[in-house]
Amino acid sequence: MRYLPLTEPDRQAMLARIGAGSIDDLFVDVPQEARREGLVDLPTRQGELEVERFLGAMAAKNTPAGSVPFFVGGGAYKHHVPATVDHLIQRSEFLTAYTPYQPEISQGTLQYLFEFQTQVAMLTGMDVANASMYDGSTACGEAVLMAHRITRKKKAVLSGSLHPHYRAVVENLSDFAGYEIDPGAPVFDGTEDIIARIDDETSCVVVQNPDFFGNVRDLRAIADAAHAKKALLIVAFTEVVSLGLVTPPGDMGADIVVGEGQSIGNALNFGGPYVGLFAAKQKYVRQMPGRLCGETVDAEGKRGFVLTLSTREQHIRREKATSNICTNSGLCCLAFTIHLSLLGEEGFGRLARINHANAVKLADQLDTIEGVDVVTPTFFNEFTIRTSKNARDLIDEMADKGVLAGVRVSRLWPGEDSLDDLVAVASTEVNTDADRAAFAAALKEVLS
Amino acid sequence: MSGMNKQGRPTGVGELGDAGRKTFTGNRGLAQEELLIFERDSGACGVDLDEPNAFEDRLGGNRRKGSVGLPGLSEPDVMRHYVRLSQKNYAIDAGLYPLGSCTMKHNPRLNEKIARLPGFADVHPLQPTKTAQGALELIELVAHWLKVLTGMPAVAMSPKAGAHGELCGMMAIHAALEARGEGDTRTRVLVPESAHGTNPATAALLGYTVDSIPATEDGRVDVAAFKAKLGPDVAAIMLTNPNTCGLFEKDIKEIADALHDVGGYFYCDGANFNAIVGRVRPGDLGVDAMHINLHKTFSTPHGGGGPGAGPVVLSDALAPFAPLPWIIERNGRLKFADVPEQVEEVGGSSFGRMTAFHGQMGMFLRAAAYMLSHGSDGLRQAAEDAVLSANYVLASLKDTMSAPFEGPCMHEALFDDAFLKDTGVETLDFAKAMIDEGYHPMTMYFPLVVHGAMLVEPTESESKASLDLFIDTLADLAKSAKQGEVDRFSGAPYLAPMRRLDETQAARKPVLTWSPPAPAQAAE
Chain A
1 MRYLPLTEPD RQAMLARIGA GSIDDLFVDV PQEARREGLV DLPTRQGELE
51 VERFLGAMAA KNTPAGSVPF FVGGGAYKHH VPATVDHLIQ RSEFLTAYTP
101 YQPEISQGTL QYLFEFQTQV AMLTGMDVAN ASMYDGSTAC GEAVLMAHRI
151 TRKKKAVLSG SLHPHYRAVV ENLSDFAGYE IDPGAPVFDG TEDIIARIDD
201 ETSCVVVQNP DFFGNVRDLR AIADAAHAKK ALLIVAFTEV VSLGLVTPPG
251 DMGADIVVGE GQSIGNALNF GGPYVGLFAA KQKYVRQMPG RLCGETVDAE
301 GKRGFVLTLS TREQHIRREK ATSNICTNSG LCCLAFTIHL SLLGEEGFGR
351 LARINHANAV KLADQLDTIE GVDVVTPTFF NEFTIRTSKN ARDLIDEMAD
401 KGVLAGVRVS RLWPGEDSLD DLVAVASTEV NTDADRAAFA AALKEVLS
Chain U
449 MSGMNKQGRP TGVGELGDAG RKTFTGNRGL AQEELLIFER DSGACGVDLD
499 EPNAFEDRLG GNRRKGSVGL PGLSEPDVMR HYVRLSQKNY AIDAGLYPLG
549 SCTMKHNPRL NEKIARLPGF ADVHPLQPTK TAQGALELIE LVAHWLKVLT
599 GMPAVAMSPK AGAHGELCGM MAIHAALEAR GEGDTRTRVL VPESAHGTNP
649 ATAALLGYTV DSIPATEDGR VDVAAFKAKL GPDVAAIMLT NPNTCGLFEK
699 DIKEIADALH DVGGYFYCDG ANFNAIVGRV RPGDLGVDAM HINLHKTFST
749 PHGGGGPGAG PVVLSDALAP FAPLPWIIER NGRLKFADVP EQVEEVGGSS
799 FGRMTAFHGQ MGMFLRAAAY MLSHGSDGLR QAAEDAVLSA NYVLASLKDT
849 MSAPFEGPCM HEALFDDAFL KDTGVETLDF AKAMIDEGYH PMTMYFPLVV
899 HGAMLVEPTE SESKASLDLF IDTLADLAKS AKQGEVDRFS GAPYLAPMRR
949 LDETQAARKP VLTWSPPAPA QAAE
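Protein chains in written order, with this note's numbering: chain A, 1 to 448; chain U, 449 to 972.
No lab work stands behind these hints: they were computed from the structure.
Glycine included, each C-beta is placed from N, C-alpha and C at the ideal position.
Just to be clear, a hint being listed does not mean it is correct.
Straight-line alpha carbon distances no greater than 30 Å define the calculated DSS-like cross-link-like pairs of lysine-lysine that follow [claimed, not checked]:
{"id": "1", "chain 1": "A", "residue 1": "K444", "chain 2": "U", "residue 2": "K957"}
{"id": "2", "chain 1": "U", "residue 1": "K578", "chain 2": "A", "residue 2": "K61"}
{"id": "3", "chain 1": "A", "residue 1": "K389", "chain 2": "U", "residue 2": "K957"}
{"id": "4", "chain 1": "A", "residue 1": "K61", "chain 2": "A", "residue 2": "K389"}
{"id": "5", "chain 1": "A", "residue 1": "K302", "chain 2": "U", "residue 2": "K578"}
{"id": "6", "chain 1": "A", "residue 1": "K61", "chain 2": "U", "residue 2": "K957"}
Across the chosen pairs, the derived CB separations fall in these ranges [stated by the list, open to error]:
{"id": "7", "chain 1": "A", "residue 1": "E201", "chain 2": "U", "residue 2": "G679", "range": "32 to 40 Å"}
{"id": "8", "chain 1": "U", "residue 1": "R778", "chain 2": "A", "residue 2": "D127", "range": "43 to 51 Å"}
{"id": "9", "chain 1": "A", "residue 1": "G47", "chain 2": "U", "residue 2": "D916", "range": "24 to 32 Å"}
Sequences are here, hints too, so could you generate the full structure?
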């Protein structure tokens, strides 16, 4: 087997040193009835060529986003990632290192984590950020638990226009931990009145901006209302590129900000791995979940970085930890931080403007088609349309015409009849005029 | 041509001088100093994007005012920054990385190639499933291998990492207890003293009281003490097997049976499954739920701390409660059951959703490439080689260093600090001296049940020559400590990119983000 360096004579010599007659002698502690003599019922070893051929055939059954006019969003977005990013994250020293437990020989990882934390704090307009969570949805769940620890209250008020998967994660954690949630009904046009639901029992208000349907809102009144009831404002986002153009949550009074960072540096990957962003006000840092990297000096006074405030974490605090999380999205946050470094101030802002411009062009184009209404008055790079056809059939028929047109809203809100004819449409820098023309043409045909 | 240097390029070795000399740049040959990216701002840009034509925005007045503060660098400067940073990291590709409990094995690059095929990497989680049948098949393929290897009937694929998998398994247990009407009465979870910290943290997150079980002299669960703790309020045990001392829990069947007799469930922490793949099926040991760290057993790269993936295999008793989404077949096509109602149609009663979308697809792909490459025979051989290598290290060093427990061990060799008694050298110093010898230290001070623990996991990826040099190095260090050569340890590492870092200062006054220098200082 090509990955195993020991030869048969090596194995014999090693057994002799150990004083064992055979490998079976090393498994004597396994109860007799659980020892398996033969091989399990699975295929035997294969060469690289065979494995590549087999999995390549499986890959060929899928339609990659880059091969068709593509407008699917709903929490994951197709963006262009510079070649430099994927080259760098595959360097052995990044790819095959572990958690930086020995800082003297892990400064590469530690320094990029410190830079990542700084970038996330800058983007969100917050004081501090952690070294990442699994993804946006789990970051959102952890943010609610953190708010409960800070306020010592137990009820989360969720915007009805929060991504349904994010809501489901919060709901699930809350159910098991015995906390209350007020989930709210979906409102697709940005007119949701969440303030009316905030009361004295409210620990936190969770609002997504831009929301699932695409609406961009001013959250300051919600922040004020929450703070008046001694509740925290948690702002979530699923499209981090929006922060290049939209007022950051920190400037709207957010106490905790969570979001999905996939758009920067990371491929779609059919849903994972992604990178959860988590930022907060300085005063809450000791209640934050997850890894934190901090600056210090070494024995010679030279600046360096270490994992810090680990007294919050499970390996020290065990059952009293702020979270059970034991990892971060290491390599995905490296991809994020490299891509953002390439973009810089100028590139990041411009990327956001291109995304918005493309979405505006597409929305205007679709709005002229008979049977199509754009129902989100404000948006960044994703908006929602209502069509005269059931969305399930529409998406299906568009796919048959070679256009992946968007997310059928009822896929995420089954049972909400009022949403059956809605489609969320995303447009990023990858979409060309030809893509938009293909979308419009296919849509006209499907609706005629 | 008379001015030509006929002597040519000198080929001698030069003068022997001070190897510790200071340099003007602070660089030391190939070891380059590197500023923070924010301190390298040149106002350049590393991408070429065209500004869109003027248009009226649709932001409803919520347009960002002011800059983000990001530095601007060209592509070559970005490249150099990260390459220099990478050179400050130790990595399994560069040397033996014996970090016990973490399984730093070889990461085949075929796995990376497969994960980047556009037919997988460039597929959106919400595009119509009829355009992603290959992606669903891949998830089913990995699920099948996991079920066969563990001898378990079901697997939940969505958990994002090991600790997330623990949470998943314990949620399934809680849901099953609720379905039995015992959700409120079974409030206690038994966790051995030697457990990973994630176990008690997970149980506590779900509101359980954590009850610690002591270990015996031979490094295993004290069965008598365990049985004494059993009662109608016990929800589950969370037990790692092979355990964190690197030993197989001999009495595991007896533990499982006794627990099941009182109505509790057996959560097995599968962090160490890599030691027994192909030789032992957890399903034959009475396990109800077990997470599998794909980065340990199936070689997905550790990536500096993630991303992980933690699928959870489930027994028949727990399978109906598995988290959303499920993959189901309809009219010869695979699709997701995304909401509880769809799962109920196939007889399930899912406890809910743990994450957006459907799990760590990129990690499933790497694991699939690893599984197919090894096959049933190669996986079994890998487990055997891992166990053989650990026993070889233990047998070679148990008299030079000191081992708290008799062998045979499984895939990890555990040492304590008895051999360092009265030498003035502690476990931490010993580990830091290994850095100067070119090794990443083993796991230190874990498990907690052993004094000054040093947990060595060589994995199956080392040749005999590599193991021999490692053994000789540790023997030399042990001898040196016993001979009173404290200097070799107390200031170590001397030869790494950094000397020891002040972790106390970092925690006392946390500096977690970079701030621009104050204007007065900047003007200096």
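These are the hints, each one checked on the structure:
1. A/K444 to U/K957: Violated, at roughly 62 Å.
2. U/K578 to A/K61: 9 Å, holds
3. A/K389 to U/K957: With Cα atoms ~60 Å apart, A/K389 and U/K957 exceed 30 Å; violated.
4. A/K61 to A/K389: 28 Å, holds
5. A/K302 to U/K578: Distance ~56 Å between A/K302 and U/K578 Cα, so the pair is violated.
6. A/K61 to U/K957: Distance of about 54 Å is beyond 30 Å: violated.
7. A/E201 to U/G679: 32 to 40 Å: 35 Å, holds
8. U/R778 to A/D127: 43 to 51 Å: 49 Å, holds
9. A/G47 to U/D916: 24 to 32 Å: For A/G47 and U/D916 the Cβ distance comes to about 30 Å; the hint holds.
Of the numbered hints listed earlier, those contradicted by the structure are 1, 3, 5, 6.
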